[in-house]
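Just so you know, the protein sequences line up as chains A and B, in that order.
The numbering of the first sequence is this note's numbering, which starts it at 1 and goes up by one.
The numbering of the second sequence is this note's numbering, which starts it at 330 and goes up by one.
Fair warning: there could be bad hints in the mix.
Unchecked claim - So the derived label-pair ranges between C-beta atoms look like this:
#1 B:P515 with A:P45: 28 to 36 Å
#2 A:Y248 with B:K421: 40 to 48 Å
#3 A:I262 with B:G516: 58 to 66 Å
#4 B:A337 with A:M78: 34 to 42 Å
#5 A:W37 with B:G374: 33 to 41 Å
#6 A:V74 with B:A337: 37 to 45 Å
#7 A:T229 with B:K421: 25 to 33 Å
To be verified - Which stretches of chain A does chain B cover? Using the computed rule of at least three CB atoms under 8 Å from a CB of chain B, they are:
#8 69 to 79
#9 153 to 163
#10 185 to 194
#11 238 to 245
I should point out that these hints are in silico values taken from the structure, not numbers from a laboratory.
The beta-carbon is built from N, C-alpha and C at its ideal position, and this holds for glycine as well.
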Amino acid sequence: MSEQTGPGGTPATQERPFRLMIPLWVVLSAAGDLIFWFVAGPHVPPGGMSNVARGAQFDFNVLFVVALPVVLAVWVYMGYAIVMWRASRPGAPEPVGGPAARGNFKVQVAWIATTTVVVLGMFVFGTVELIVPAGAGGGEGPNPIWTPASKNILPIQVIAQQWKFTYRYPTFGGMETDRLVVPDHTTIAFHVTSLDVIHSFWAYQIGVKADANPGIDNVAFATTRQLGTFTVRCSELCGIWHGAMYTYGKVVSKSQFEKWAISTERQLAPNTKDLPPFAYTYTPSANGATGGYYTPHVDPYSKVEHYGATPQHPKVTQPAAATVTTATG
Amino acid sequence: MSRSGRIAIVLGMLAVVVFLVVFTAMSFVGSEPPTVNLTAGHVPGRPVHLVLQTDGAVGVGPHPTWVGYQAKDPATGAWVQTGLWQVPAHTKLDVTIYQFDSGSALRNQNWGRVTGVSATLNTAPFGLIDSNKVPVGHTFSIPALGISVPLKGVNTSLKNFCTAGPCNPATQAHNTITFSITTPGPGSYHWQCFIPCGLGFLYGNGGPMQTEGFMGGFLEVMA
């Protein structure tokens, strides 16, 4: 044979499949990306309640816009092949071997170069998006490498235990409450730890997700940008009632936060004085049934015979009935 | 043996295996602790009374040495070791808890607070127990309703300290905790004890803390 034939029975030199595929791909990609970016993009979770949430939303949207043309390139090529090169099409040739089936240097170079640029571009983009918003809402461990520029950071300790989160506000007397209230337009440092097993603090709409490990102070940053309610869930399977370990937090105005924090601090004062001094981690005892986290841990009755553990602190001999106090809240 | 005979034996054995597998699976899936029903005969507008006790050892069932709650069945007056309690919706629920178990200092003193309700301890109103001075045995908490009540522990050195349930409030040492709530709309509301009280398990969080019917369960609110 002196003349090579291409798919579709036409001579390879005469067929120009990419003349149809490329314009189709360009139009579909442009339309799809624009529709996604402007119609769906603003509604992509986790929303815009904080800078890191907005960052995550932006990242998802960028990834989608980059990925869609790749997906469409495959689909357009596949669709063209199914329609134009199907065996049942009249005049379809038999598959050919030889030089026509060998690699196309230009196509190979273009493919490798394009995918390399896309992957490396995503790598650089992802790294920048992780560093610039100070860890992008992820836990950075006890010594964060990337910290926010703001000098006014509100520290809030997140204490996880089976199966609930409580929150300590060290700048408000170290009060501990089961309500997570944060002020708007404020940078917050979440110090996440656990009193027992591994949990994970996931404040969904504000884009914070940090592991809660016993004995570890895991710090995550976020700057609130929008008033509203957000969901807090444990995202680490942590026992039988893991599914019930969720609650809701609130972003309120700064003035509302001040009012809430001051009144709550006052209301919880009788309990706060019995809490240990604020610490970034709390070390569990060998046997949780004896207490053991918060010093001084004493059992005025008979911990030894009941639990088989050795008391580590002097017993308190104060009469039991006199130590029950009544609080307003 | 003929070929048909061998096939019959194989098929018969296969049927037995399938039956055993299905029976075991269905038994496991279908098994559930009993439910104490407070809705039967309830007159709308009238309160219902949930009576509970906490025992250091429940004394019944497959784990008699485990700590757990028991509920009084209003129909029979018997104590039932279960964490499933059915109550009517939008109804005043009076809760009485007889705390027979001992206590200790809390791992997290935050659980010494009464939240969401007004409670009494041995008829006296209380809002907080400093567990560094007074041992706390358990909490009764329904997180979704914002309710948590600490239960003061009993001195184990008392002669009438109850060592195995169900315990008798008339004769054995206990603390009585009462409070009332208005039940919400229909649904399942998870309740639990927040004090790691699983004696003998790492950090107190195993065994009864991880098994429905001992230190956790559901308040089943019925329409």
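Evaluated hints:
1. With their beta carbons about 30 Å apart, P515 (chain B) and P45 (chain A) fall inside the hinted range of 28 to 36 Å.
2. Checked against the hint of 40 to 48 Å, the C-beta distance between Y248 (chain A) and K421 (chain B) comes to roughly 26 Å, which is inconsistent with it.
3. Range check, I262 (chain A) to G516 (chain B): about 35 Å between beta-carbon atoms, so the 58 to 66 Å window is missed.
4. Between A337 (chain B) and M78 (chain A) the C-beta distance comes to about 53 Å, which lies outside the given range of 34 to 42 Å.
5. Taken as a hint, the range 33 to 41 Å is violated for the pair W37 (chain A) and G374 (chain B), whose Cβ atoms sit roughly 57 Å apart.
6. Restraint check, V74 (chain A) to A337 (chain B): a C-beta distance of roughly 55 Å breaks the suggested window 37 to 45 Å.
7. Taking the beta carbon of each, T229 (chain A) and K421 (chain B) are about 29 Å apart, inside 25 to 33 Å as hinted.
8. Under the rule that three or more residues need a Cβ within less than 8 Å of chain B, the assignment of the segment 69 to 79 of chain A is violated, with 0 such residues.
9. Counting residues of the segment 153 to 163 of chain A whose CB lies closer than 8 Å to any CB of chain B gives 4, which reaches the minimum of 3, so the coverage claim holds.
10. Counting residues of the segment 185 to 194 of chain A whose CB lies closer than 8 Å to any CB of chain B gives 0, which falls below the minimum of 3, so the coverage claim is violated.
11. With a cut-off of 8 Å between beta carbons, the segment 238 to 245 of chain A has 4 residues touching chain B; three or more are needed, and the interface restraint holds.
Hint compliance for this structure: hints 2, 3, 4, 5, 6, 8, 10 are not met, and every other hint is.
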